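Asker: Using the sequences and the hints given, assemble the complete structure.
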Amino acid sequence: MAQVHARSSSVTVGNPDVALLKSETVGRGPISAIAVDNGTVVVSNFSDDSIAVLDADTLAVHGGVFAGRPTTLAVSDDRAFVAVSSASYDAIAVIDTVSGDVLKEYPLSYDVTAVTASADGKRIYAGRAAEDGVDIAVIDVTAERVGTIYLARGADATIDALRLDATGRRLYVAVSDSRSSRLMTVDVETGRVRATLEIGAPIRGVELGFDSTAYVLTSDIADGGALYFVDLVKNQITSMLTVAMAPTQLALSDDGTRAYVVDYDHVAVIDTDSRTVVTEVRVGARPSAIALRGDRLYVADFGGGVTAYAVASPAPMLYSQFMGAPSLVAPAPRELTPAGV
Numbered sequence: 123m124a125q126v127h128a129r130s131s132s133v134t135v136g137n138p139d140v141a142l143l144k145s146e147t148v149g150r151g152p153i154s155a156i157a158v159d160n161g162t163v164v165v166s167n168f169s170d171d172s173i174a175v176l177d178a179d180t181l182a183v184h185g186g187v188f189a190g191r192p193t194t195l196a197v198s199d200d201r202a203f204v205a206v207s208s209a210s211y212d213a214i215a216v217i218d219t220v221s222g223d224v225l226k227e228y229p230l231s232y233d234v235t236a237v238t239a240s241a242d243g244k245r246i247y248a249g250r251a252a253e254d255g256v257d258i259a260v261i262d263v264t265a266e267r268v269g270t271i272y273l274a275r276g277a278d279a280t281i282d283a284l285r286l287d288a289t290g291r292r293l294y295v296a297v298s299d300s301r302s303s304r305l306m307t308v309d310v311e312t313g314r315v316r317a318t319l320e321i322g323a324p325i326r327g328v329e330l331g332f333d334s335t336a337y338v339l340t341s342d343i344a345d346g347g348a349l350y351f352v353d354l355v356k357n358q359i360t361s362m363l364t365v366a367m368a369p370t371q372l373a374l375s376d377d378g379t380r381a382y383v384v385d386y387d388h389v390a391v392i393d394t395d396s397r398t399v400v401t402e403v404r405v406g407a408r409p410s411a412i413a414l415r416g417d418r419l420y421v422a423d424f425g426g427g428v429t430a431y432a433v434a435s436p437a438p439m440l441y442s443q444f445m446g447a448p449s450l451v452a453p454a455p456r457e458l459t460p461a462g463v
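Heads up: the sequence shown runs through residues 123 to 463, numbered per the numbering used here.
Please keep in mind that the hints were generated in silico from the structure rather than gathered at the bench. It is possible that some hints are incorrect.
Unchecked claim - Now the in silico label distances, taken between C-beta atoms and shown as ranges: (1) S334 - A209: 42 to 48 angstroms; (2) R408 - S240: 32 to 38 angstroms; (3) L142 - G276: 42 to 48 angstroms; (4) A317 - D177: 40 to 46 angstroms; (5) G276 - R316: 17 to 23 angstroms.
The model shown is predicted, which means the values in this text are computed figures rather than measured ones. Idealized CB from N, CA, C, for every residue including glycine.
Answerer: Pasting the structure below:
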């Protein structure tokens, strides 16, 4: 694994509520994805075919592996679930974020374009682009079985983002093709699509608030970037905010009051209540991905660096906010097929 080096690049912010903490260079070439879980930060280096596990405070590497070409990842319960590919196979690699060791690999067919996991890490959801459409591989980690949720047909369709709600019963899937994009609501136990909402431009990110609001980031060559506010109960768009020229990723604070958008040369910070851009964060290189945990924002860049910022602390969550989304009646779990599908 490559060494970590302190960075001398200039880092600027446009608001006193955002403070630079530390900046380090990790690996070689661009970082394609970043996630934070408890006291660790996990980054994937696409050009280096590597995954590094960093200390969240010092940004020092304390583990890492070379495991095929990593594309996207998710973290949960001290585990990182990383989509990796090579000329011969595609798989989800499970990495212990404490030790940095690879615990398991689940071979999968087709390219994985998005990953999310349940809060307890017992189920992994991998969005795939097959030859004639898109589906979601559902990996039961405990039983080591894989099931499939079929979503949409179309040779040019892709799954851009996956988000599981707080109850673990609804999966929100962003699907784009050459004609349009849509946000789909899936009952994870039945595998059925419960609702579909047309968005329009290609989707770059989805996050879920605690008030049955979804935030959907889109990017269009002609019109630039937009952040859509979606009422999940009514399944409709309530408002839209122009946020960037060419956004690539979205993150949301724990209390849902701040959204962070990766643009071409900065990270835009959005007040979700007033629905305005309140500040911009610029690092010494072009940002590629972000991760947020409590009052810490981590920005990865195309120079292979990771920069940590202190941001506004999220407000404590009320029990009613966690339970605010409408519930679904969950039938008995489906029988899944053996791993390797």
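Asker: Tell me, in ascending order, the numbers of any earlier hints that this structure violates.
Answerer: none
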